[in-house]
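With chain A's structure known, arrange chain B on it following the hints.
The lines below spell out each chain.
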Amino acid sequence: MATVSTAPAPGMHQIDLSKLNLNQLAQLKQQLDQELNVFQDSLQTLKIAQRKFVESGESVEKIKPETKGRSIMVPLTGSMYVPGTIADTDNVIIDVGTGYYAQKDIEGAKDYFKRKVKFVTEQMEKIQVLGIEKTKVREAICMMIEMKLQAQAQAQKASTSS
Amino acid sequence: MAAEIQKKLQKELDVFNSLQKEYHKAVAQKQQLDGQLNENKAVKEELMLLKKDSEVYKLIGPVLVKQDLEDARQNVAKRMEYISKEIKRADGHISALENKQEAIQENVNKLKNDLGNLKIGA
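These protein sequence lines are chains A and B, in that order.
For the first sequence, counting from 1, position 75 maps to 75 in UniProt numbering; every step adds exactly one.
For the second sequence, counting from 1, position 94 maps to 94 in UniProt numbering; every step adds exactly one.
So here's chain A without its partners, still in its complex pose (with noise of 0.2 Å):
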């Protein structure tokens, strides 16, 4: 579960931009650069997450107290499968993660699809929060840098003409 932590304080990040100078901007741009793509594959990650949260929860669904006794192909590879019988269908056991699994019944386990989808959209939505800032912010460095080298072209203009 990746909860978003960025490094810096929010309270020191008021820098004037139009006060570093070219090297600086480089440096932070590629820095941002760098933020936006763990971004990027954190939410990644987290689609991948979700789906499957939402595929179980849906699988959940499919097990009815009608289904008792009914008979099922039961995966055994990816590429072999055996007849069962479903014998349970009260409870299902849920990988809750670092290798534990519990028991729930039929409503816990819906719950518990439900909430984590909850959980990783929500993580979803404050990593977007996030890189929507951040973009702009990289636009402002990325308007710093082309103005700086339109004023230091400039110069040098001036300073070979005269």
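In case anyone wonders, no lab produced these hints; they're calculated from the structure.
Be aware that a few hints might be false.
Here are a few chain B residues that face chain A, going by a calculated C-beta distance under 8 Å [what the hints assert, rightly or not]: (1) N40; (2) E46; (3) E55; (4) K58; (5) L64.
Straight-line alpha carbon distances no greater than 30 Å define the calculated BS3-like cross-link-like pairs of lysine-lysine that follow [what the hints assert, rightly or not]: (6) K47/A to K25/B; (7) K110/A to K51/B; (8) K100/B to K110/B; (9) K51/B to K114/A; (10) K118/A to K134/A; (11) K62/A to K66/B; (12) K51/B to K62/A; (13) K30/B to K134/A; (14) K118/A to K62/A; (15) K85/B to K126/A; (16) K11/B to K30/B; (17) K29/A to K100/B; (18) K19/A to K119/B; (19) K68/A to K52/A; (20) K21/B to K29/A; (21) K78/B to K114/A; (22) K52/B to K52/A; (23) K112/B to K11/B; (24) K58/B to K68/A; (25) K134/A to K21/B; (26) K51/B to K118/A; (27) K126/A to K25/B; (28) K66/B to K110/A; (29) K134/A to K100/B; (30) K7/B to K110/B; (31) K100/B to K8/B; (32) K66/B to K52/B; (33) K52/A to K66/B.
Glycine is no exception: its CB is placed at the ideal position from the N, C-alpha and C atoms.
This is chain B only, laid out in the frame that chain A set:
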């Protein structure tokens, strides 16, 4: 003179680069620990939510082994404690590396200045 400073500068830069590598490694390690701690937190919450008579299993190799719920809770708590300690250690390591980096950065800047002055003088 300039060549000497250049040599010194190169040496400092080499040290700086290796420090930076180590720093990145330490940060990655800390992130991994953070992830583990978060996962354990989620597991702990889940175990707390379970009813007293719920069955808990632990995955050992490919098999699920039945476990006592109380044991499982204690085990997770212990693991969290251990991971927290590891995180503290990693934090210390990271800040030490940061300090070293800063010191070398200063050295590098000074050497660069010296070099610049020398060039102007020459």
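Q. If you check each hint against the structure, which ones fail?
A. none
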